[in-house]
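A.B. asks: The lines below spell out each chain.
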Amino acid sequence: SQQGEEDPQALSIQEGENATMNCSYKTSINNLQWYRQNSGRGLVHLILIRSNEREKHSGRLRVTLDTSKKSSSLLITASRAADTASYFCATDERGSSNTGKLIFGQGTTLQVKP
Amino acid sequence: DSGVTQTPKHLITATGQRVTLRCSPRSGDLSVYWYQQSLDQGLQFLIQYYNGEERAKGNILERFSAQQFPDLHSELNLSSLELGDSALYFCASSVDLLAGVLNEQFFGPGTRLTVL
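Sequences listed follow chains A and B, in order. First residue of the first sequence? That's 1 in the numbering used here, and the numbers climb one at a time after it. First residue of the second sequence? That's 1001 in the numbering used here, and the numbers climb one at a time after it.
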């Protein structure tokens, strides 16, 4: 079963606007990652945030993590048409030692209109 | 380009058949993961191998099996195929094994399987 649930399922914005996607998960984690997928292609890793971190930045990306609420958000600032893609959060499972198993959310489909 | 290669890119076959999907991880990566992505189930973890040994299993059907060879490439075997097995199958690799360590996974371009 899916660990992460993402919200919204779909998001459509104009170029230059900010896009915010949210992810909730169920079990305790060691880290949470965000991936991007262009239509029908492989996933690309965007950013990883550890359970002891609250916020992380990478270029136009800002990720927050609230372990008390078991939730994370991904903010893309000053969006571009090239940001159009699906975005997935993925978590490991604390306690599932010796594995790198990731559990993915259902994803948010982002459309950025020029 | 992630450095992970998968072959074939597309595969069309009939119900009841058996297919083999192949994955070559990034140079130096010891862990290989297989995922299935379908419209109804989303992205599901199937199985992980680390340095030739099975390390974790997800929702992998008994009709499916995988292995990792000494040169670290991996194969996913799907048998007695059903219409519902039509999906994108991704392979990913990472350097390390343990959850909690930097566990960024690098994904291949996927194999699109269509079962008719």
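The hints are simulated quantities; they were obtained by calculation from the structure and are not laboratory data. All values derive from a computational prediction rather than experimental measurement. For glycine and all other residues, C-beta sits at the position ideal for the given N, C-alpha and C. Check each hint, because a few of them may be wrong.
Said to hold, decoys possible - Distance condition first, Cα-Cα at most 20 Å in a straight line; then the derived EDC-like pairs of lysine to aspartate or glutamate:
(1) Lys1009/B <-> Glu1075/B
(2) Lys69/A <-> Asp83/A
(3) Lys1057/B <-> Glu93/A
(4) Lys70/A <-> Asp83/A
(5) Lys56/A <-> Glu1104/B
(6) Lys1057/B <-> Asp1029/B
Stated by the list, open to error - Covered stretches of chain A, going by a simulated chain B footprint (3 or more residues, C-beta under 8 Å):
(7) 62-76
(8) 101-110
Stated by the list, open to error - If you want a taste of the chain B side facing chain A, the calculated C-beta under 8 Å gives, among others:
(9) Pro1008
(10) Ile1012
(11) Leu1030
(12) Ser1031
(13) Gly1042
(14) Phe1064
(15) Phe1069
(16) Ser1086
(17) Phe1090
(18) Gln1105
(19) Pro1109
(20) Gly1110
A.B. asks: Now tell me if each hint is right for this structure.
C.D. replies: Going through the hints against the structure:
no. : hint                    : in the structure
1   : Lys1009/B <-> Glu1075/B : holds (14 Å)
2   : Lys69/A <-> Asp83/A     : violated (28 Å)
3   : Lys1057/B <-> Glu93/A   : holds (13 Å)
4   : Lys70/A <-> Asp83/A     : violated (26 Å)
5   : Lys56/A <-> Glu1104/B   : holds (15 Å)
6   : Lys1057/B <-> Asp1029/B : holds (19 Å)
7   : 62-76                   : violated (count 0)
8   : 101-110                 : holds (count 7)
9   : Pro1008                 : violated (15 Å)
10  : Ile1012                 : violated (16 Å)
11  : Leu1030                 : violated (10 Å)
12  : Ser1031                 : holds (5 Å)
13  : Gly1042                 : holds (5 Å)
14  : Phe1064                 : violated (16 Å)
15  : Phe1069                 : violated (19 Å)
16  : Ser1086                 : violated (13 Å)
17  : Phe1090                 : holds (6 Å)
18  : Gln1105                 : holds (6 Å)
19  : Pro1109                 : holds (5 Å)
20  : Gly1110                 : holds (6 Å)
Violated hints, listed in ascending order, are 2, 4, 7, 9, 10, 11, 14, 15, 16; each of the other numbered hints is respected by the structure.
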